[in-house]
Every structure is written in C-alpha cells, then in structure tokens.
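Peer 1: These are the residues of each chain, in order.
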Amino acid sequence: MKKYIVLGLLAVLGYYLMSIFLLVDFGLPHFAHGVKDVYLSSSKNILKVSNAVTAIVVNFRGFDTLGEVTVLFLSATAMSGILYKKRHDIGERSILFPASSIIRSGAKMLFPSITLLGIYVFIHGHLSPGGGFQGGTIIATGFLLMLLTYQNYSVSHNRLVWVESVAGMLFVIIGLAGYFMKGSFLENVLPVGELNDLFSGGVIGIIYVLVGFKVAAELIGIIYTILHEKG
Amino acid sequence: MEKYLDILEIAIYGSAVALILIGLYGALTKKSLIKIVLGLSIMDSGIHLMMIALGYLKGGTAPIFSKGFENSADQMVDPIPQALVLTAIVIGFGVTAVALSLVIRLYRHHDTLRIDEIKNLKW
Amino acid sequence: MIFLITVLLILLLMVGAAIYAIVQKDLLFAVIASGVISLILSILFLILQAPDVALTEAAIGVALTTIIFIITIRNTVRYEDERNKKKKQKNVKKLAK
Amino acid sequence: MVGSPVLFVAIPLLAAFLIPLMGMIWKEFVRIIPGLVLAYMLVLSVSLIIYIQSHGTIVEVISGWGPPVGINLVFSPFSGALTTLMTFLGLLVWLYSHKFKRNVDYEPAKKYFILLMLMVTGSVGMVLTGDLFNMFVFIEIVSISGYGLTSFFVRRDSAEAAFKFLLMGAFASSFLLIGIMIIYTQLGTLNMAEIAQRMPQMDYHMKVFSLIFILVAIGVEAETFPLNGWAPDVYTQAPGPISAAMSGIVVKAAVYANIRIIYTMYDLQGAYEYLLIIGLITFIVAETAALKQERLKRMLAYSSIGQMGLAMIAFGIGTKEGVYAALFLMFSHAIIKSLLFFSGSYLVYNKTSKYIKHVNGMGKYLPITAFLFTLGAFAIIGLPPFMGFWSKLALLSAAADSNLVILVAVILVVSIVEAVYYLRVVNRIFFFKKRANTKPEKPTINAMIAMLSLAAIVLVIGFYPDLVTGLIERAADDLMDKGRYIGEILSKN
Numbered sequence: 001m002k003k004y005i006v007l008g009l010l011a012v013l014g015y016y017l018m019s020i021f022l023l024v025d026f027g028l029p030h031f032a033h034g035v036k037d038v039y040l041s042s043s044k045n046i047l048k049v050s051n052a053v054t055a056i057v058v059n060f061r062g063f064d065t066l067g068e069v070t071v072l073f074l075s076a077t078a079m080s081g082i083l084y085k086k087r088h089d090i091g092e093r094s095i096l097f098p099a100s101s102i103i104r105s106g107a108k109m110l111f112p113s114i115t116l117l118g119i120y121v122f123i124h125g126h127l128s129p130g131g132g133f134q135g136g137t138i139i140a141t142g143f144l145l146m147l148l149t150y151q152n153y154s155v156s157h158n159r160l161v162w163v164e165s166v167a168g169m170l171f172v173i174i175g176l177a178g179y180f181m182k183g184s185f186l187e188n189v190l191p192v193g194e195l196n197d198l199f200s201g202g203v204i205g206i207i208y209v210l211v212g213f214k215v216a217a218e219l220i221g222i223i224y225t226i227l228h229e230k231g
Numbered sequence: 232m233e234k235y236l237d238i239l240e241i242a243i244y245g246s247a248v249a250l251i252l253i254g255l256y257g258a259l260t261k262k263s264l265i266k267i268v269l270g271l272s273i274m275d276s277g278i279h280l281m282m283i284a285l286g287y288l289k290g291g292t293a294p295i296f297s298k299g300f301e302n303s304a305d306q307m308v309d310p311i312p313q314a315l316v317l318t319a320i321v322i323g324f325g326v327t328a329v330a331l332s333l334v335i336r337l338y339r340h341h342d343t344l345r346i347d348e349i350k351n352l353k354w
Numbered sequence: 355m356i357f358l359i360t361v362l363l364i365l366l367l368m369v370g371a372a373i374y375a376i377v378q379k380d381l382l383f384a385v386i387a388s389g390v391i392s393l394i395l396s397i398l399f400l401i402l403q404a405p406d407v408a409l410t411e412a413a414i415g416v417a418l419t420t421i422i423f424i425i426t427i428r429n430t431v432r433y434e435d436e437r438n439k440k441k442k443q444k445n446v447k448k449l450a451k
Numbered sequence: 452m453v454g455s456p457v458l459f460v461a462i463p464l465l466a467a468f469l470i471p472l473m474g475m476i477w478k479e480f481v482r483i484i485p486g487l488v489l490a491y492m493l494v495l496s497v498s499l500i501i502y503i504q505s506h507g508t509i510v511e512v513i514s515g516w517g518p519p520v521g522i523n524l525v526f527s528p529f530s531g532a533l534t535t536l537m538t539f540l541g542l543l544v545w546l547y548s549h550k551f552k553r554n555v556d557y558e559p560a561k562k563y564f565i566l567l568m569l570m571v572t573g574s575v576g577m578v579l580t581g582d583l584f585n586m587f588v589f590i591e592i593v594s595i596s597g598y599g600l601t602s603f604f605v606r607r608d609s610a611e612a613a614f615k616f617l618l619m620g621a622f623a624s625s626f627l628l629i630g631i632m633i634i635y636t637q638l639g640t641l642n643m644a645e646i647a648q649r650m651p652q653m654d655y656h657m658k659v660f661s662l663i664f665i666l667v668a669i670g671v672e673a674e675t676f677p678l679n680g681w682a683p684d685v686y687t688q689a690p691g692p693i694s695a696a697m698s699g700i701v702v703k704a705a706v707y708a709n710i711r712i713i714y715t716m717y718d719l720q721g722a723y724e725y726l727l728i729i730g731l732i733t734f735i736v737a738e739t740a741a742l743k744q745e746r747l748k749r750m751l752a753y754s755s756i757g758q759m760g761l762a763m764i765a766f767g768i769g770t771k772e773g774v775y776a777a778l779f780l781m782f783s784h785a786i787i788k789s790l791l792f793f794s795g796s797y798l799v800y801n802k803t804s805k806y807i808k809h810v811n812g813m814g815k816y817l818p819i820t821a822f823l824f825t826l827g828a829f830a831i832i833g834l835p836p837f838m839g840f841w842s843k844l845a846l847l848s849a850a851a852d853s854n855l856v857i858l859v860a861v862i863l864v865v866s867i868v869e870a871v872y873y874l875r876v877v878n879r880i881f882f883f884k885k886r887a888n889t890k891p892e893k894p895t896i897n898a899m900i901a902m903l904s905l906a907a908i909v910l911v912i913g914f915y916p917d918l919v920t921g922l923i924e925r926a927a928d929d930l931m932d933k934g935r936y937i938g939e940i941l942s943k944n
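Protein chains in written order, with this note's numbering: chain A, 1 to 231; chain B, 232 to 354; chain C, 355 to 451; chain D, 452 to 944.
Next up, chain A with everything else stripped away, as it sits in the complex (with noise of 0.2 Å):
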C-alpha cells in the first residue's frame, strides 16, 4: 500500500520537474547577464588563473571551500565519536578479500604512481583540470589501495592529525592575512604572476595544495575509522 502512495507521489514530483526543467533550453544561455561572465573575465585578466572553475571555487567562493573542508572534518569528527567504543583497543581491521601476491606486488608498485598522479593534479590545478579535492581523493585511494591490500599497514592517527590540522590552520590563516593586509577575507595578497605560468594567480595554487593535504587526511581518517570497525 506504502508502495503505491509513494509512486503516486513520485509520479506528481517526476511530472513537476520534468515539466520545469523542460522550460529551460538544454545548451542554450539562460538568462542575459549573470555573474558567470564577470567570474570568466577576472579569472582571466585579473586573477591570471587558467581554470575559471579553479578560481571560482578557490577565490570568488572560497568561503564555501572553506565551508566544505569544514564539513569534511566535521563529518570524520562525527564518524569516530558514532563509532566511539569505551574499550581502547580497536577492533581488527576487516579483511575484504586475502590478497594474493599479484596484488600485493601490484599494489606496491601503483600505490608511488597514485600519491605521485594525486600531487601533479593538487599542484596543478590552477592551470588543468584537477585540483585540491581531486588530488586528495586520488592520494586517498592510494592508501585505501595499501589498506586493503596489507593487513598490517597503518597509517599514524597523529600524523594524520597533524597534517590536516595544520593545513586547515594555514587555510584559515591566509585568509586572514588576506583580510589583515588588504582588508577582506580570503583576498590575494601575492603577485598574480602570468596566465598559464606554474606561479600563477597568486595564494590560490597555495590554498589549493593546502586543501589537497587536508582532503587528503580527511577521507584517509574517514576510512581507517570505518576499517578498524569490527561488527
């Protein structure tokens, strides 16, 4: 019964949006001037900062990327007070699958290639596609990667502690400088240098790595927490 009352609604839910979003032309400009053409210009000539979608995310809104790492240390805070146990020690690690040597072996090898992929697209991300979060996931799975393949690898809790401690401080910090040297949070306070160049855009490549390091030991927490959970 459930079932049919909930499709009903469904039904009247998929009408409305379909019926909405329809009105809007599929790869046509929506609407005349928006802020997306003012972002696109100064990411370009003011900025100096190839990918507008980098610039967007770390300058124009960088108090929302502030946010969201938040959310992120938020999120392995919670998790790991849910899953407090009074006990100290922590249960065994749960094993997916024994891994064979190929893997192993595999493993050993692709695991320099991932971290090495994962900072090139962190430092990177100014000028290529890539950025803080995906240079972060991509090193995390790196060690999901070694996490499941070796059942004594471990990582230091304190070191992870450390370093997205100390990259969350550093984030917060430059904004400050920002608003300390030039009067508003999160502002460049370094010489943008040229378009396309490594030291382009100013603190934005540096605030980029800084979220790359945190993401990195953010969801690196997040899954040795729901690892070490013995059910």
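Since the hints were derived computationally from the structure, they do not count as laboratory data. Don't take every hint at face value.
Subject to a maximum C-alpha distance of 30 Å in a straight line, what follows is the list of computed DSS-like cross-link-like pairs (lysine-lysine) [to be verified]:
{"hint": "1", "chain 1": "B", "residue 1": "LYS234", "chain 2": "D", "residue 2": "LYS658"}
{"hint": "2", "chain 1": "D", "residue 1": "LYS550", "chain 2": "D", "residue 2": "LYS815"}
{"hint": "3", "chain 1": "A", "residue 1": "LYS44", "chain 2": "B", "residue 2": "LYS298"}
{"hint": "4", "chain 1": "B", "residue 1": "LYS261", "chain 2": "A", "residue 2": "LYS2"}
Covered stretches of chain D (chain A as the covering partner; in silico rule of three or more C-beta atoms under 8 Å from a C-beta of chain A) [what the hints assert, rightly or not]:
{"hint": "5", "stretch": "457-464"}
{"hint": "6", "stretch": "502-513"}
{"hint": "7", "stretch": "585-593"}
{"hint": "8", "stretch": "639-648"}
{"hint": "9", "stretch": "704-717"}
{"hint": "10", "stretch": "834-848"}
Given the structure is predicted, the values throughout are model-derived calculations rather than measurements. Note that CB positions come from ideal geometry on N, CA and C, so glycine has one too.
For this one, chain A is given, so just place chains B, C and D on it according to the hints.
Peer 2: Here is chains B, C and D on its own, set in the frame of chain A:
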C-alpha cells in the same frame, strides 16, 4: 541539428529526473538501512547531473584558458554549476559517511538492518 | 549521429543500473551497480565539458563511496531480507551439533 | 571598526583545527578553548551591535569581490540581534556542559566540544550570510554536527534518532540544491540581494516551484508542521544541553533563513498566508500532541515546535507589529526553553527513559532546580510578571490590530492547553511523593550559574521589557525594509 539537441535535452533531463525519482523511491520504500542510504546517494547523483546539464552550452568548451587553444569567454560552458557541484559532491560524501557509521552503530545495537525491526522510537 | 546514439545508450545503461541497484536484494551487487552509475556519470560530466567534476566524481563516487558501502556491508549483513545474522549462525551451530 | 563579521566564522574554524593539536599538549585545552572562542564571539557581536547603532549595517565583502560577484556577510540590526542571542546561548550551553558526566573521557569530550562550537558557528553563518549557496554550506555544517551530537550517548536509542534526523536532513539538502539551481538558471546570480532585485523578471511558475523546494528544505530545520518528525526524538535522545542548543540556536537560525527568503527574496502574494496557515497548524498540532506525552523532554520538544509555530503565525500577519511580536517571541522562547531544558534534564537526570513521573517530589530534593523549572514554565505559558507575557501580548495585539479575531481566540484557547500540561508537571514536582527508584542529582556549579543567569534574564526582562524592545523594534524595521537591504548590499560594489 535542432532536433539533435532536443533529443539530447529530453534524454539528459529525463535520466537525471529518473535518477532522482529512483533514489527517492528506494529511500522511501525500502526496508534495509543500507538500501536507504544507497537511495540517497543515487538521488544526489541525479541532482548533480541535472546541475551540470543546466550549465551546458552548445558547442562550448570547458572553462579553461589554455595556451594554443585560444577561445573566448562566451564560448565556454557555465563554470558556476561546476563549482557548486564540486562542493556538493564532497558534502554528499561526508553525509554518506556519517550515515553509514550510524548504520553500523544501529547494527551493533539491534543486530539487524531492517527498519521495521528497529522501532524503539515512533517513525 | 553515432555520438547521439552512444550518449543515449550510456544514459539508458545508467538508469538501468539505478533500477538494478534499488531492486537487487543482494546489497553487494546493488552497491557495485551504484558504482557503475558514478562511473557513467563521470563520463557524462566529461561529455558535458566539466572535467573538474568528472575527476572528483570518478575518485569519490566510484572508489571511495563504493568502498565504504562495501566495508559497511562486510560489517553488517549482505542480503536485504536477512533478518539476523548472529542468531542464524547460532542456530546453524546448534543444528550441526 | 572593532572587528568584522567574518571573524565569527574564521576564528572558530581556526580554533576547531587547532584543538586536536592543543589536546595533545594538555587535555584540558579541549574544553577551555571552545569556551574562550564562544565568549569572544559574544563580545564581538555585542561590540558590533553597538557599532551599528551609529554607523548602520555592516556589509562585509569576502575575497575582495563586491556583492553580486563574491560572497558577502551582512550584519544588520536583525541578523546582529539574532547573532548576539545565539552566541550568548552557545556560551551558556558550553558552561552548562563543561563538566558533563561522560566528558571525563578525553576523546568524546574533544568531539563534543568541537561539534558544539561548530554548530554555533554554522548557525551564526546561516544568519549572517548573504549568499544562497553559502547558506546551503552552513546548513550542512549545522546538520552534520547535529547528527554527531545527537548520537553522542552510546547507551540510548540516540543512533536511531540521529538516523531519522539524517534522513530528513539529506532530503532537505537535495531539495535545497534543486531550488537554488532553478533560481540560478533563471536569474544568473546567487546573491540574495540581487536575486531579490531581479525577482520580478522570473517566470511565475518557476518562482512558485523554487520557493516550494526551498521552503521544504529549510522547513526541516525550522520544524514546520509536516516536516518536524525528527524533532521530538532528537530532543529526547540528545544530551540535555544539546536539546537546548537545538531549540535555541539551530531552529532560530533556520527560521531566520525562512523569513529572510519569504520577506526579502520573493515578492509572491500568498506567501504570508502560507506562513499564517502553516504556523497555525504547527501550533495546534504540536500543543495538543504535547498534552499526551509521557516523557518530559518529548513534551518540551513539542512545546518548542508549538512556539515556533506561534512565531510563524506572527510573521504571517505581515504587519510591522506582527514582525515585532515574532522577533520578541523568538527571543523569549530561546531564553525560556533553554532554561526549561537545562533544569528539566536535571530533574530526570538518572533515568534514560525520562518519564514525566520521574520528577515526582523533586521539589524537596532539588529546590533551586525545581524552582527554576517552575519559573520557566510560568514564563512560557505567559503569566504576567515574566518575559513570556510581553511577547504573547505583543502577538495578540498585533493580531487584533489586523482584525484577526479568530486567531486571537485560537491562540488563547491553545494557550490554556499549554498551561495544562506545564502545570501538570509543576504539580508533580511539588505535591507528589518521590518514587522509590529515582535518585536526585545535584547540578554542578557551572550548570547552576548557567541556569541562574537565564532565570535572571527572564525576571529582569519581565519587569523591564524596555531593555530589549528598542533593539527588537530596530530589527523589525530592518526586516520590513526590503529596498534598503538590497540597496545597502548592492551599493557596496
């Protein structure tokens, strides 16, 4: 050419709405807690697809100014939905992780994942 | 034309995977189907000229979300209708004796 | 310039990232730093409120781009008053839970205080921000810390309540994204002032649908009627101070967002009537549901929902007097309900089930706590010498001015219901015999200070309501003047 775009419009919007509806259906009717969380993440995927599709520009390029590939700003797709989706994906992952840890904790207490057997509170 | 057909096929596959993920009783298969959704989604983002989002979706949606779902399933139960794993195991042991 | 609104977000985040490191040095830092940060936020907001009396609204630009392009924070009389209220309550919640029972453990204490501090920060951010998507991010911060704090006690059914909350919150955030996206595709901006300015260009259907999506999303946090299923469970299962923080801080922020969107962003005709009707339904349903509750915190939860319904009714009247009454109601409800949650959770301290019958005879064993609970109960019913009386009076006179006689009658009748269930509890406290298996627990000294300062506010404002009415009137003026809000923000370019 116009027709081509029309078909693509209906197909992409339609599948995004379909993902949203399928996810909602799963989250509302299924009994297993993991299925509910799965439904939520499918719904999020649908919304992300919708947002990117709304920012698409026909014949536009990715919003990246690269050397040797000079293109003007009005030939680029809208970068704002992309930035928003970037944020939304990461937030969605955080929510999913918290939800799954709550699922594990509920399993620890009740030894079951069926929502109709975990009813100490009124639903 | 070929491009259009490919996109349509991909979309169809994605919606099919979504339906499969909801209908399937075996949660492990359902989760892997949702990983397939994310994979196709990241291809679609690439087609829609959003490479940044495609990278994020590929790393988060395909790898991390899927793996934490799988770990959760490993720690709890695998089948949707499975009522009580521990009790069942106890009963099996009793029968074996 | 004494400070800037951006510090409300920057300093707590800095502290939150710092706490795990400082905790390695000395464990007590984990409890002290959040208190210092909350105290700093309170001082900052008080000094900014004094500053804007003479200099007008502060519009803070972030990352150096003027309002339609970058994100901006608005410290207006309205948002400033709410910020002060919320940081004050946050400080008291911290004080109350400083020596909390289970917080002797280091790890849970760390998590508890980080989550508490960021919940307050997120609420303040929700109130201050002038950007729609930024509001979404802050809502997520608030909700995730809410999930974590709700499931804090391992031994109760808290995980279930938290899961319920999470389910509602996840739907809400998805719907909010859809609503934001509809607005963005039509108007090409995410800044609230610019959206308000361009709103007449938008197609009518789009306007209605985006408003519905956004209201459903924010209604979950604001406890409007069909979406408040999570609230009673969460308030019952969460630790006592967190219930107070939820009803005093988070819900206030969500109501602010709701009102800002309806009053400033949209220019729809039927929106005020919507508020009036939804508020009335919420009020009646919640107050009657509270009457038959058996658990104390559940009863308080329903009462809290009902009071928010009352505030919505007042906003729905739509005149300046109505807005004034609504703000006064929100203010007095935040103070009084926190007092009730604080003292109530000591009255039923040693029982996980928290039945009302456990308060029997506590008046003899915990005289001060019982007295404070009674004070709160009288104040929230609206008995004359207390603070709740003035807010209810303002609401009734606003309704009477707008010729809504039926509304006045309904509010009065439902207030009698409210009086019945509160007086029932008070009766049990003082005139029943203590049950054999309940153990009274003396409040700690910090908790006592927190409760006494709240009670002092209730009494002082009960006798001298003029202390706050000026502030609230300015806030109401600020909310009603839509053109000035848009002008102040967009002229900052």
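Peer 1: Evaluate each hint against the coordinates.
Peer 2: Hints versus structure:
Restraint check: the Cα-Cα separation between B:LYS234 and D:LYS658 comes to about 29 Å, which is no more than 30 Å; the hinted pair holds. Annotation: proposed proximity of D:LYS550 to D:LYS815 holds, straight-line Cα distance about 25 Å (limit 30 Å). Of the supplied pair hints, the one linking A:LYS44 and B:LYS298 holds, its CA atoms being roughly 12 Å apart against a limit of 30 Å. For the suggested pair B:LYS261 and A:LYS2, the alpha carbons sit about 11 Å apart, so the restraint of at most 30 Å is met.
Coverage of the stretch 457-464 of chain D by chain A holds in this model, with 4 residues showing a Cβ closer than 8 Å to a Cβ of that chain against a need of three. Evaluation of the coverage hint for the stretch 502-513 of chain D: fulfilled, as 3 residues show C-beta separations to chain A shorter than 8 Å, against a requirement of three. Three residues within the 8 Å Cβ limit are the bar, and the stretch 585-593 of chain D against chain A gives 5, so the coverage statement holds. Interface restraint, the stretch 639-648 of chain D with chain A: holds (4 residues with C-beta to C-beta distance below 8 Å; minimum three).
With a cut-off of 8 Å between beta carbons, the stretch 704-717 of chain D has 0 residues touching chain A; three or more are needed, and the interface restraint is violated. Coverage of the stretch 834-848 of chain D by chain A is violated in this model, with 0 residues showing a Cβ closer than 8 Å to a Cβ of that chain against a need of three.
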